[in-house]
Amino acid sequence: MNKKSKVVSYNKWGYIFLIPFTVIFLIFQLVPLATTIYNSFFENYRSGLTQIGPNFVGLQNYGTIIANGDLPTYFINTMIMWLMGFIPQILLSLLLGAWFTDPSLRLKCQTFFKTVIYLPNLIMASAFAMLFFTLFSDSGPINSMLMQIGVFKEAYQFMSHVWTVRTLVATMNCLMWFGNTTILLMAGMLGIDPSLFEAAQVDGATSTQIFYKITLPLLKPILIFVMITSLIGGLQMFDVPQILTNGTGDPMRSSMTLIMYLNKHLFSKNYGLAGALSVFLFIITGILSLIVFKFTNSEKVK
Amino acid sequence: MDLAANTTIAGKQDTGASVHVRRVVSYVVLILISFLCLFWFYVLFINATRSNSELSLGFTPVPSTHFVENWTNLKNGTLPIFNGLLNSLIIAILTAGLATYFSAMTAYAIHAYDFKLKKLMFTFILAIMMIPTQVTVLGFLQLIGKMGLDNNAAALIVPAIASPAVFFYMKQYMDSTLPLSLVEAARIDGSGEFRTFNQIVVPLMKPAIAVQAIFSFVNSWNNYFTPALVLHDDTKKTLPILIAQLRSADWLKFDMGQVYMMIAFSIFPVIVVYLILSKHIVGGVTLGGVKG
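So the sequences go chain by chain: U and W. For the first sequence, our numbering assigns the number 1 to the initial residue and increments by one for each residue that follows. For the second sequence, our numbering assigns the number 1 to the initial residue and increments by one for each residue that follows.
Since the hints were derived computationally from the structure, they do not count as laboratory data. Any given hint could turn out to be false.
[As the list claims (entries may be wrong)] Lysine-lysine pairs mimicking DSSO-like chemistry, simulated, CA-CA at most 27 Å apart:
hint, chain 1, residue 1, chain 2, residue 2
1, U, 294, W, 118
2, U, 264, W, 236
3, W, 116, U, 12
4, U, 153, W, 253
5, W, 279, W, 206
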């Protein structure tokens, strides 16, 4: 009897230890989420020196960002740049992961290679983008190298062409994230029961067959997880294109992402449109998060 | 070992020669990829050692002698780099400290105690883990404006107490390494719950705390979006904001040697620290499982 009441009195500490997290979460995340949604229903911006609103306008803000084409355009931009970076990233990661974990290859210097490929992930994205901007500028070292080799007669304007800017953004994202993905996929590959590989080898399967018939299917859950988390990260794409194009998304706003657009409205204090955009992003990332959540939760149960 | 032996016996099609070819191919590709990862930083280093006039002549792969000169010019220039460095350091250190300590505490609450809302809390934290901060930043800015925290680094530091991703890592680490018998033993010895957490649990969690402290530090160090919206005074700005300022300035008129030096100044310290700690960092990624 006495012992039991003691157990109960210990367990109240569970609540006590949860207080800091809960309080900070409520204040700095839940309240802002509620006010963000609230803001999306109001007209609230500055036109010159006069402050318009806040006036309740219902769903008008949502209508505006969809009808004037901003939201669809920037959403497509974001997705194009994400895909251009993600496809090479996942292929490269699968290849490297398969090599690193292949026992018949017995690659040396694995630690060195892993250290090198993970390195770009820790670099300040804004500094990395600034670096690419200076390297690929008209009078920058890449142009001078290409002219020395004789690829171009005169400097190529990387920053004035839609697809070169997008390619630069995608390249940076790919470089920054493929090391991380490789390490995650490797963990998945090492988690596969080795007896499956042995059985396949005894049956005379080649390593290509083993990769397609055993590794890849068993890796599917982790691949889905990597893809969705990367998609959530891709929707947040900001630092690289923002610094590379100085916030303009040029040429012709073709590299303007959703968060750059949000950032623009936050700076100009157009809270109505910024709110509608945030809610839109919240819904998409919320759905994607739910899928990830299902994944992590089922992993837990296992 | 076993597997390798099997390969040689059973894998008759996978002859030694074909393995050899594949090994050569993979080394060549790995070296190419490593080159692609390091090339940019090599150019950055070379260009940081060259003067503006040398830079305008085109690229050479050999370093020049103006490293110290570029550094002095940058130091005495208009960008408040030491302020920026100090601000970035303070914010990143405090963020890492708060995020790891309180996430360990939250994880301990759910790991060690049984209470009614336990399951609900855990599910809830997992569910919100992936929601990006950007979607609530509008409300966040209005809130800190009302609280008088606008233009104040505290607005960037304090929210780190609730870091769901760090919590998740700590919880997983506890599940695999923290035996509750130790906690019971401490109780029998008369240690209070709070003291048990600080003096027994936290030291046991050191490896996990170290890994997460590194990641939180780096995330905060590299963060540009929120600080740029919160901090307005030149003396309060962090390094990423200064980089953005450099970008939006009329950079063609700048001494390019200084521009490269500024980029090097924000990148190379992280590279050096990374090379020292790389073993823990690369190992920590897999353990984390989930990282934004």
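Cross-check of the supplied hints:
no., hint, verdict
1, U:294 to W:118, "holds, 18 Å"
2, U:264 to W:236, "holds, 21 Å"
3, W:116 to U:12, "holds, 10 Å"
4, U:153 to W:253, "holds, 25 Å"
5, W:279 to W:206, "holds, 16 Å"
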